[in-house]
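Start from chain A and add chain B according to the hints.
Here the protein sequences line up with chains A and B, keeping their order. Its first residue numbered 458, the first sequence is counted upward by one per residue in this note's numbering. Its first residue numbered 83, the second sequence is counted upward by one per residue in this note's numbering.
Since the hints were made in silico from the structure, they are not lab data. Among the hints, erroneous ones may be present.
[Unchecked claim] Below, in silico cross-link-like pairs of lysine-lysine (DSS-like), each with a Cα-Cα straight-line distance of 30 angstroms or less:
1. A:K527 x B:K96
2. B:K91 x A:K527
3. A:K473 x A:K495
4. A:K495 x A:K527
5. A:K527 x A:K558
6. B:K91 x A:K495
[What the hints assert, rightly or not] Residues from chain A that keep clear of chain B, each with C-beta distances beyond 10 angstroms, as calculated:
7. Q463
8. A464
9. E472
10. E474
11. V476
12. T477
13. D479
14. T487
15. E501
16. R507
17. I517
18. Q526
19. I536
20. K558
21. R570
[Unchecked claim] Residues from chain B that keep clear of chain A, each with C-beta distances beyond 10 angstroms, as calculated:
22. T87
23. N110
24. G135
25. G145
26. P157
27. L161
28. T168
29. L195
Glycine is no exception: its CB is placed at the ideal position from the N, C-alpha and C atoms.
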Amino acid sequence: AQKVTQAQTEISVVEKEDVTLDCVYETRDTTYYLFWYKQPPSGELVFLIRRNSFDEQNEISGRYSWNFQKSTSSFNFTITASQVVDSAVYFCALVYSSASKIIFGSGTRLSIRP
Amino acid sequence: NAGVTQTPKFQVLKTGQSMTLQCAQDMNHEYMSWYRQDPGMGLRLIHYSVGAGITDQGEVPNGYNVSRSTTEDFPLRLLSAAPSQTSVYFCASSYDHGLGKLFFGSGTQLSVL
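Pulled out of the complex, with its shape left as it was, chain A reads as follows (with noise of 0.2 angstroms):
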């Protein structure tokens, strides 16, 4: 099965605090896509990253990263020193190169607390 799970419905911290984000895939496929979008309360959709399955380093952006460990078939992102600007609803996702279909998981709803 082709899934992606994002356990955390909703997180919330003060500003400043670190917070990570969990992402679970499963896939059988060996080459496959995946990416993080973001959604602020305005409601449009943003693209954070994509990684592909043959590169497993990590990415640093600002205060954003992701780690990326096919081991644990895991993706998850990290916000350092999180800011209010970072209140959104974060969207993992999965696509598979046998068919040009985009998973989704259910996305994490994150609050950061002045």
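The following block gives chain B in isolation, referenced to the frame of chain A:
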């Protein structure tokens, strides 16, 4: 630099009515797709297209039709609206046969009474 244009932004229908959600992109992307977003369920793929004249079903295709006569346009048709189709709908396009990042439209809030 319009990107993905989705209309209308809001729509209220009565059960049994039909309507078409419009989606157009100006990035020459071959891949286009439609999603519905329901609380607690993330985004679910309804239909997608990998090029003009080619469409395929996603995870939740029942009650919806699509066609792709041009690269730019990918309309979604509700043939006979049902309350279960009340949702937020997003259109998206992508490069690389859907393996690239998705560019989303601004969404349509649809209510079926």
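Hint by hint, here is what the structure shows:
Distance hint between A:K527 and B:K96 is unfulfilled; the C-alpha atoms sit about 47 angstroms from each other, more than 30 angstroms. Proximity of B:K91 to A:K527 is assessed by CA-CA distance (about 40 angstroms); at most 30 angstroms being required, the pair is judged violated. Proposed proximity of A:K473 and A:K495 is supported: the alpha carbons are some 19 angstroms apart, at most 30 angstroms. Pair hint A:K495 plus A:K527 holds up; C-alpha atoms about 23 angstroms apart against a cutoff of 30 angstroms.
For the suggested pair A:K527 and A:K558, the alpha carbons sit about 20 angstroms apart, so the restraint of at most 30 angstroms is met. The straight-line distance between the Cα atoms of B:K91 and A:K495 is roughly 20 angstroms, inside the 30 angstroms bound, and the hint therefore holds. The claim that A:Q463 lies off the interface is violated: its Cβ sits roughly 8 angstroms from the closest Cβ of chain B, which falls inside the 10 angstroms cut-off. With a cut of 10 angstroms on Cβ distances, A:A464 stays outside the contact zone with chain B, its closest approach being about 13 angstroms.
Annotated as non-interface, A:E472 keeps its C-beta farther than 10 angstroms from every C-beta of chain B; the closest such distance is 26 angstroms. A:E474, annotated as away from the interface, keeps every beta carbon of chain B farther than 10 angstroms; the closest lies near 25 angstroms. For A:V476, the condition that its CB be more than 10 angstroms from all CB atoms of chain B holds, with the nearest at approximately 19 angstroms. Even its closest Cβ contact with chain B, about 19 angstroms, leaves A:T477 beyond 10 angstroms, as expected for a residue assigned away from the interface.
No beta-carbon of chain B is positioned within 10 angstroms of the beta-carbon of A:D479; the least distance is around 14 angstroms. Look at A:T487: its CB is around 14 angstroms from the nearest CB on chain B, clear of 10 angstroms, so calling it non-interface holds up. With a closest Cβ-Cβ approach of about 6 angstroms to chain B, A:E501 is found to fall inside the 10 angstroms limit, against its non-interface label. Residue placement check: A:R507 does not keep its beta carbon more than 10 angstroms from all beta carbons of chain B (closest about 5 angstroms).
For A:I517, the non-interface assignment is confirmed: its Cβ lies about 18 angstroms from the closest Cβ of chain B, beyond the 10 angstroms cut-off. Consistency note on A:Q526: stated as away from chain B, and its beta-carbon is indeed over 10 angstroms from all of that chain's, at 21 angstroms minimum. With a cut of 10 angstroms on Cβ distances, A:I536 stays outside the contact zone with chain B, its closest approach being about 20 angstroms. With a least CB separation of 6 angstroms from chain B, A:K558 falls inside the 10 angstroms interface cut-off, contrary to its annotation.
Every CB of chain B lies more than 10 angstroms from the CB of A:R570, the least distance being 22 angstroms, so the non-interface label holds. For B:T87, the shortest C-beta to C-beta distance to chain A comes to about 13 angstroms, beyond the 10 angstroms cut-off, and the non-interface label holds. Annotated as non-interface, B:N110 keeps its C-beta farther than 10 angstroms from every C-beta of chain A; the closest such distance is 17 angstroms. Once the 10 angstroms rule is applied to beta carbons, B:G135 is consistent with being away from chain A; the minimum gap is 15 angstroms.
The claim that B:G145 is not at the interface with chain A holds, since no C-beta of that chain comes within 10 angstroms of its own (minimum 19 angstroms). For B:P157, the condition that its CB be more than 10 angstroms from all CB atoms of chain A holds, with the nearest at approximately 19 angstroms. For B:L161, the requirement that its beta carbon stay farther than 10 angstroms from each beta carbon of chain A is met, with the minimum near 23 angstroms. No Cβ of chain A approaches the Cβ of B:T168 within 10 angstroms, the least distance being about 16 angstroms, so the stated non-interface status holds.
Non-interface call for B:L195 relative to chain A: holds, since the shortest CB-CB distance, roughly 22 angstroms, exceeds 10 angstroms.
In summary, the numbered hints that this structure violates are 1, 2, 7, 15, 16 and 20.
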